[in-house]
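Here's the letter readout for the chains.
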Amino acid sequence: MNHPLEPGLKSLAEAGLGSIALTVNGRPALLNCAPPTRLAHALRDELGLTGTKIGCDAGDCGACTVLLDGKQVCSCITAVAQCAGREVTTIEGLAQDGKLNRLQQAFLKYGAAQCGICTPGMLMAASDLLAGNAAPTQAEVEDALGGVLCRCTGYQKIVESVLAVAHDDLTLEPPTAGRAVGSRLARLDGVSKLTGAEKYGADEYPAGALWLRVVRSPHARAGFTLGDLDAFRRKYPQIEGFITAADVPENSFCVFPVPKDQPVLADGHVRFRGEAVLGLLGERDAIIAIPEAEMPITWQPRHALTEPEEALTATGDLIHDFAPENVLCRGRVVKGDVQAAFPMAAHVVEENFRTSYVEHAYIEPEAGYAEVVSQGGQERLRLFVCTQTPYMDKEEVARVLKLPHDRVRVVPSAIGGGFGGKLDISVQPLLAVAAWKLKRPVRIVYTRPESMASTPKRHPSRIRVRLGCDKEGKLTAMDFAGDFNTGAYASWGSTVANRVPIHASGPYALPNVRALTRAVYTNNAIAGAFRGFGVPQACIATETLMDELAEKCGIDALEFRYRNAIRAGDATACGQVLQASAGLDQCLDALRPAWAGAKEASAAFNGQAIRSGSRKRRGAGLACMWYGIGNTVIANPSTMTIGLRASGRVVLYNGAQEIGQGTYTIMPQIAADALGVPVSLIDQVHSDTDLTEDAGKSSASRQTFVSGNAAKFAAEDLRRQLLQLAGTAADATLRLEGTALIAGTSRIDLQGLTPINERGDLALGSGYFNPPTVPLDADGQGVPYATFAFAAQLAEVEVDLDYGTVKVLHIHAAHDVGRAVNPTQVEGQIHGGIAQGLGLALMEEYISGKTDNLHDYLIPTVGDMPRITTYLIEDAEPLGPYGAKGVGEPALVPTAPAIYSAIRAATGVRVRLAPATPDRLKAALKAHEAGQRL
Amino acid sequence: MKPAPFRYAAAQSLEHALALKAEAGEEARFLAGGQSLIPAMNFRLAQPAMLIDLNPLDDLDYITVDNGALRIGARTRYSRVEHCAEVARWQPLLAEVLPNIAHPQIRNRGTLCGNLSNADPASELPAVMLAAGARMHAHSAGGDRWIAAADFFINLFETALQPDEMLVEIELPALPARSGTCFIEVARRPGDYAMAGVAASLTLDANGRCGSASIALCNAGPTPMAAAAAAQLLIGGVLDAEAIAAAAAQAQEEVEPNGNVHCTADYQRHLAGVLTRRALTSAAARARQGTSA
Ligand SMILES: Cc1cc2nc3c(=O)[nH]c(=O)nc-3n(C[C@H](O)[C@H](O)[C@H](O)COP(=O)(O)OP(=O)(O)OC[C@H]3O[C@@H](n4cnc5c(N)ncnc54)[C@H](O)[C@@H]3O)c2cc1C
Ligand code: FES
Ligand code: FES
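Chains as they are written, first to last, in the numbering used here: chain G, 1 to 934; chain F, 1 to 293.
Here chain F stands alone, though its shape is the one from the complex (with noise of 0.2 Å):
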């Protein structure tokens, strides 16, 4: 299908980007990788009045490590920070999650500000931003702000960003010393939306107890969902099988699954439980063996 005509115009700079938005507000759509939005377009869900178009912006396409902190520029493709060393070594839970969103054509085109931006809560992305504590930098015409991952999630589609405002980067927090990650996800198939994830980040005390956690699952509810009650259960504790139970079944309270075509609310909720226990399994072995992955 061809989508309803509309205005294009391709973007010189990121200040003419935000120039064209700060002029057509909610009627312009940015275009990033387009594998959300022209999918849509196609079908006719999304009829955007004008698009501004992103990809021009070769200087948005980048990925900076300072002192272990990751920043990622809104140009910035899924498949470069797939196979990004630095990434890896830095950030091994976005390095964890990133092969189970699409396939390789998608991940080619599609970029993590637009699929943040986006804001869809069955994606995997959002939960990991939220377990590893990431910040969110919007620019408009008028400035820039940081956003944190927890506040920038509002609702099924909904971002903080004001109409106006572009996703410009994102920036991970240095993961500290004796941490350990995880990202689990049980999908219908490879590359398929998980029918639920968890994005588990534990790091350890001097004690080797449990010094902090965060704990966030995806398409558990109407945005990524922060396990906060159950990462407190953990938090001063000796991250064994039962503290680790615990955090599990506590998860499994905290998560809001609708249920959908592939599976019910009720297996959402089971597997929030089971998956929050195998990301935390993972995580505190990976923390005690210094590995972080």
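With the rest of the complex left out, here is chain G (with noise of 0.2 Å):
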């Protein structure tokens, strides 16, 4: 690196330059970097320090959290000079001897950490606070850790883990054979990363990897011309190479195979903010350095429909030539007759909705590496990347280079959280034309704003619904329409636009449905994959709308819920008739005490409030929601194996990509107690699409169903054959014990086998499941999943009247999950996806080049969040492994409305448009208190 010498100064010391010494983990470490660097940059890279993580490079997410002088700071807005002879404590300092700390402990124990993202930032921030308060308060706790955010726990377990050091037992009591379904096994990936050795995206890189630049689209919608590269290179010679749209060889993708809509790099024309059109490759901080408005690229703007009004109606003006009036895809289910039943009902309400745009903001941008490797004479891809779909980024890989598939090979890095942001395409083809182009391993860390403005988020939704019921309170009929804006590509559009006509009903049984979809192309931000693929925007509306009718017959909510909810033995407007394992109504049941007191305990303050003249008001309010596990109709089957070794362990090849929802710890327990064993006895083999078999997407809230039936099938299958090697009964037990297997009466030394593969395996079991539905006629008739979860949720809030500010007091969340594999995690998943559902409510609101970062795009905190109580409805479902459904989406469905409905009950107001942010809400109160409508 190079340093202009300040002239006039005497001495290299006084320049700042020369090393700067200091003391890292309790050990001397010299730093040879400019004194400006950023802390977090310098123990990355200078000391490969790795456990300390970059989120936003601007202070706003903590994650780069280490102790200077033992007080928490952020590393990335630290500079190296400022801790010249001073004390740096990172997450790799905390555990001692190869043991973990008491705090790192009841991180373990507790379930604090999913991705692990956040956990260095946590972990350092408690420390902190420990270190001078050995047994704090609640409030306490949540200070020290305000600036910490974490996306995937709802921060209970981290309070409940940093609370408990002062008090708890944190040993663990792993389960014997035959216990692991049910039991709360601590996290088998736990510890690597509690200790900063877990490897995310941006984490590992080979030696002499270029870094890649990707320069983006300033304007919504433009044509573009690139000037001469030449000259662009002789004048900034660090670049080494670039990429354009001419060097991919097939310039197009798409998770789905039509439309392959959206290209590597935009060829001429783009159609977003944010959009690829040229890479730049080189040493990092040179290539970094060229200023952005040097780059040889000549803009002709266009308009920009950046709204599906302006789309829809915008005659001839296509977004993309293939799509007539900007529709990506049409959803529609058709049941029984609206038109004739509306006429009929007794009582029929009618409401507008709309949401805006939802970011995923994991706290790890997207982040890897490619290389080429030659294996066997060939040529290789090799993709090291944070993803939710492996499989699903080799062939998408291979596609753009015109390989042939087994000539990509992807093996994913620790993922810092998804929601299916990254269950799309980012960084790979970016990565994988390069490093093919270039011959030279290619890394990329996107930038938050670059990562923020190019990838998908959740679909803004215009939705109109009508609903009726009998006098009885019977629902008798639905009209649904709703549009989502898609943006640009259509990546997840058509998924969205397809599951929310089937599930725009609710869970309630209902005769006459009507539900239409569009997906429509804008200029906007690409919508995809988001926790819920629409589910949760439309939950809002018809939530909303049921408790209006229940208010209009005079029916309690929760009742009125209870009357309609659809049941075993019901058809859905599918028609589909559900075989089992439908617990709405003993969620709702669960509730019911909760949903009594908390109705009683806000009327109580309300009257107390009002004598006193206090301008705060508290209400309850409740929402269900059904999500079908898997895709709809599409198929989605999970391949496992699972081998047993000489050595007497069990090695589990799993390829259901962890990405904090625990399948590195279900999939085990699934498998340890289908097989008879202890799940200490299993080893795993992560996702690797070399080495595991395809267990598809992490997505859908899919895995825990549909890879852990593949997983006790592979477990189920290997027992089978070692039953018969030991001649015994296909029901004797079964042990391992050292290199001995014992089966029944029998005992064979594992030693004495030949191996059937080079891993290793002397035998290997296997197991296959695809979900069985059937596909949907053009009214969107049939079977779409074989299986729904259920929930119903109730939010007790407080609104102050004066700021038109919410806080959320109490969340009580009741899932019927069919069978709780790991009940921390299920408990996990629940409260993380309530913190997502609260953002979704209240603050959260994409807007392109406005909210482009963690400062102003806003994610709850840790002072954000209500108390949580779930309730675990375990309704088993037959088709499910030892009876389990799903959970990850299903958790973030209902607390919007949840949230609205208590919002309601508390000030009379209806939110019409999220988030219902203070200025919206106050707006609406005012309105209200004059008896208008806004």
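Just so you know, these hints were derived from the structure itself, not from any lab. For glycine and all other residues, C-beta sits at the position ideal for the given N, C-alpha and C. Among these hints, one or two may not hold up.
[Said to hold, decoys possible] With the Cβ distance kept under 7 Å, some of the chain G side facing chain F (calculated, not the full set):
#1 ALA58
#2 PRO823
#3 LEU858
Please assemble the complex out of the two chains, which come individually in their own frames, going by the hints.
In structure tokens form, the structure reads like this:
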């Protein structure tokens, strides 16, 4: 690195050059970097301490928190010069002699780390607190952790863990054979997340890897021409290569087979702000230093169609030639006769709703590297990347490079949060094209604004619903129409358009339904997959109207839902008769005491508030949901294999991508019980397209149900083979003792057996599961999902009538998960889903170019979260592994409408635009007080 | 992201820092806590040619109390002030505002003088300086001068400091007897910049009437906004609900909010009124109780 010398300064030391001496984790360290280098970068790049994470580089997320002389600081905005002679402690410095400290143990025991990307920051912030205050209060913990964002956990288990350090017994009792399913087994990948050893997308790269800088469009819609790249390179000789559209063998991709509408690098025309147009390669700092204004690109901006209303009516002005009226896809479910039913209804309500773009805001921006490796005389591309879907990545990258699939290997990094965002293609083809062209390893880490501008979001929606019931309060008809802004490219837009109409009726028995949707192209940010695929947006609309109808009928909101709850034996709007495991009524039953208590408490509070002249009001509200597990009709099989080694250990080849949700813990739990051995005997080979079988995507809440079955079947298959080998009955017990297999009365020395493959497996069990579905006809009639999850949530809120602010006090969440394979993880999913639901309800709104950072794009902090009480309902699903279904997406679906319901109970204001920001709510309160409708 | 290349000098003394600044002028920036400057540099929103690091200046890390008047040096970080019992005792307004500024990490690094030199009208601290009647002590290689808070904040991110000047300390005058102060704000999340915030300071005269009053608002215009006419309305009167409501209504007229991604200007103006009413009500109660906070 070059450091221009300050003329007139006397010594090197005075100029701040030379090395900086400090203590890191108790050991002296010398940093040979420029004085203003950020501590986070120095720790990671110079000292290899990649446990410290960078989520924003701006002080907003706290992932980079370390201790400086014992005090928590953001290392991304601390210069190394300011650390000279001081003591820095990072996550790598916490465990002593390889033993987790009490704080780390508490995090492990209580499941405080999910994806683990915030964990280093959380641990360091908590360490600062605990050093000065061994037994803090909850409020003190929340203050101390206030600057570290977590997108996965909803913070509750983190706070519990910090509080537990003072008192709790933190030892872990691993489950015995046959008891793994249902146990609170600590994450099997937990220790590496708690010591900083885990390698995320930005944490590993080959020596000499070039940095890829992607130049992106500042315009939402424009034509462009690239200038003279050779001249540009002569001016900036640090550029070691370029990639442009011309370098991409097949310049189109999409998560679906059609339409492959998105270019890897735009070819003369861009359709949204943030679209990639050019890649520069070189040494990182040198390539980043080239000013944006110097890029040799001439733009011809065009009028952008940013909203669906405009895109739908812009006759002849097509964003993609193949999509007339700018409609990507239409969804339709029709049952009974809505037109005939409404005139007969005793009560009818109707309303319009809107929701905004929502960003996933995982704390880990997209990152990874690609390299060309030679194997068996052939060049292959190896991609290390954070992803929810390694197998799809492999196919898409092979397509783009025009290579056979087997020439691409995807090795997923640990993933610092996904939520649907990393179910899409981002850095993968860019890295692949660059590495393939230059035949050198190439790496990238998106900046926070780049990640936010260029990757898909939750679809903004405009929804109109009409809902009717008879005089007994039985629902009779729903008419639902929704437009979803899918942005510039298809991504998962058609999944949203198709999933929403199926779920529109909500978890209720409804004889007449018409649900129509459109996914509409615009020149706005791409919308794709985000926890719930459009169902959360729809649920806001329909659950709000459920409240209104209940009120019209004079029936209690819980009772009204209970009466209409769909039950086993009822037919859905698709005509699918639910066979079993429809536990909504049980969820509602579980909430009855809390519901009565919450209504009473808020009435008492409000009475007191009115008497004392306080402007605070409380309210309680409810919402229910259902959610189809797995893909909508489209096949989504998983395969798992499991082997026994001569060492007496079992190896699960687990391709179910871990994204924080716990598949690297749950799959072994299921396999252990199916095989009949303790889970501690199981080792794993984690998802790697060369080493594991395709277990599909970590999406659609499918892994526990689908891959869980595959794991179970694989383990049963292995058990069968081993019993056969031992010549014992199929129901004999099976044990592994050292290197001996004991089955019934026979004992086999494993060392004496010949492996069946070069990995050393003596026997290999294989399991496959694809959920049974029946394709939908033109009216959406069929069997879209093999099973559904159900939930009801109850929110208690306090509204400040003057400020228009909402404080969520408590959420009670009752979820029918079929079977909680690991209750700690199920609770963790519910807490995290609720946090995201709260964000959707009250704070989150992505506006391209305005909220592309974690300073202005607001996700809940620890101080925004309510207390959460979970109620796990286990109405076993006969098709599921040990009865399990899924919970990942269901957790978030009912939260926003439950909060809105509570706001309405508190104030009388009906929220029709998400998020309900203070200014919007205040305006609505004013209008409501004036007797107007806003 | 890495910042653009630039020169860096660690100040060895106040004189050294001032000499370097005199030489480099606008080209150079002081680096205090870095909690505004470094994020701006990380994203190339600031690209100073030279940084003069004030962190080695341990002798500027102080809080002194003299008969209730408080002086705070340029290297004094928020967290030290936040946890200082003397500050809570003599300048409760300052103690009350600090937990509202960002998060512990930021407060462990950021300095009050850095914040004030940055002159972000969205920040809570400049408004508190106005309400407290603080003075800023500026030094240059050529000498030093005091600048009243009311004259210090010129415009958005612009202060009265000359290119060769450094803000070396701030002074908050002693709070008279029978005073009460209050800071409140409404932010989107705990620790965020406020959508609007109000600092109020009231002193009762011997008859229990309002002897002096000051009100200042943050995120309500291009600088921290003093609601001088609103304060004037209170002076000489009884601090009852009616007088406070009238002052709050007046304060609403005095602000010039612009709106931002977090809220509309209308809402900010509305908050200015509500917050002024609430802040004055608490400050008056505190003054009456003689607790000041
Ligand atoms: C995530 C985050 C959240 C934040 N939230 C808030 C908030 O809610 N409220 C709030 O008020 N602030 C907030 N801040 C900003 C924070 O308060 C900064 O610390 C403060 O504004 C700057 O102080 P500093 O010492 O870090 O100054 P620096 O960043 O070092 O400097 C700021 C500017 O002042 C100049 N300067 C510094 N010291 C002097 C001096 N002595 N004389 C002359 N010029 C000087 C510098 O050259 C620079 O231009 C936040 C910051 C972050 C990163
Ligand atoms: S990376 Fe430092 S705060 Fe986000
Ligand atoms: S566990 Fe906190 S961000 Fe994933």
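Hints, one by one, checked against the model:
1. ALA58: Interface hint status for ALA58 (chain G): holds (4 Å vs cutoff 7 Å).
2. PRO823: 30 Å, violated
3. LEU858: 5 Å, holds
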